[in-house]
Amino acid sequence: MSSVSTIPWIRRIRGSADLIAGLTIIAAFVVELSDQVRRGEFEPLFHFSYLTNQTNYSNIVVLLAGAYLAFSRTQDTVLYATIRANFVAYAVIVGTVYNALLREPDHFGFHNEVTHVAIPVYLAADWLIRNNRPRISWNTVWIGVSYPVVWVGVTLLRGAATDWYPYFFLNPNTLGWPGVIAYIIAISIIFAGLIAGMVALNHLQHRRLSTS
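Once you know that position 17 of the sequence shown is -3 in our numbering, the rest is easy, because the numbers rise by one and skip nothing.
Rather than coming from a laboratory, the hints here were simulated on the basis of the structure. Check before you lean on any hint, since a few could be wrong.
Stated by the list, open to error - DEER-style ranges, computed between Cβ atoms:
hint, residue 1, residue 2, range
1, N79, G173, 10 to 20 Å
2, I123, F51, 52 to 62 Å
3, S126, P158, 16 to 26 Å
We treat Cβ as the ideally placed atom computed from N, Cα and C, and that holds for glycine.
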């Protein structure tokens, strides 16, 4: 634990940015859930089944933890950097898939723009710019891929029992199993590739720091 006075001012600014980002996600969910409850449309099972919502609730924890570490330590822990690398990848993929495949013409509300645009852009930019994180291992890739793989498995099992799927590309009634499997393979490769990119960038930043 470090004294605040010994922590570089730039790190405190970045900690403040994490705090603001985390609180913004909370505000987005408060607005979204309040509106759904008011209209009588809030379904907890459906709400918490979406990967977008799961990862963004987790992003609140990740960002607030980042703010805490920024104000209490001069450097993040390896564990935190590993977790953050994975959630950067999740956010970028969730945002990309939503905007490329799922966004409807009138879906520009506060919650959607925060969780599918602002937070993915912020997390990606922060990972690109901040170069003083501890070195993380390549095991980060397998740790990161395990979560969406488990999520897909649970989603397909629940869908078989309830005939409800959160995303069209997981619905075998619409695409058939070959189509669903093709999407799963493609998205898994993208997850693994992007997380690997996070690790590679982390290693590149360390090499640059060691030679500067």
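_Range first: 52 to 62 Å. Now tell me if the beta carbons of I123 and F51 are that far apart._
violated, 26 Å
*Would you say the C-beta atoms of N79 and G173 sit inside 10 to 20 Å of each other?*
Since the Cβ atoms of N79 and G173 sit about 19 Å apart, the hinted range of 10 to 20 Å holds.
*With 16 to 26 Å as the target window, see if S126 and P158 comply at their CB atoms.*
holds, 24 Å
Checked against the numbered hints listed earlier, the structure breaks hint 2 alone; every other hint is satisfied.
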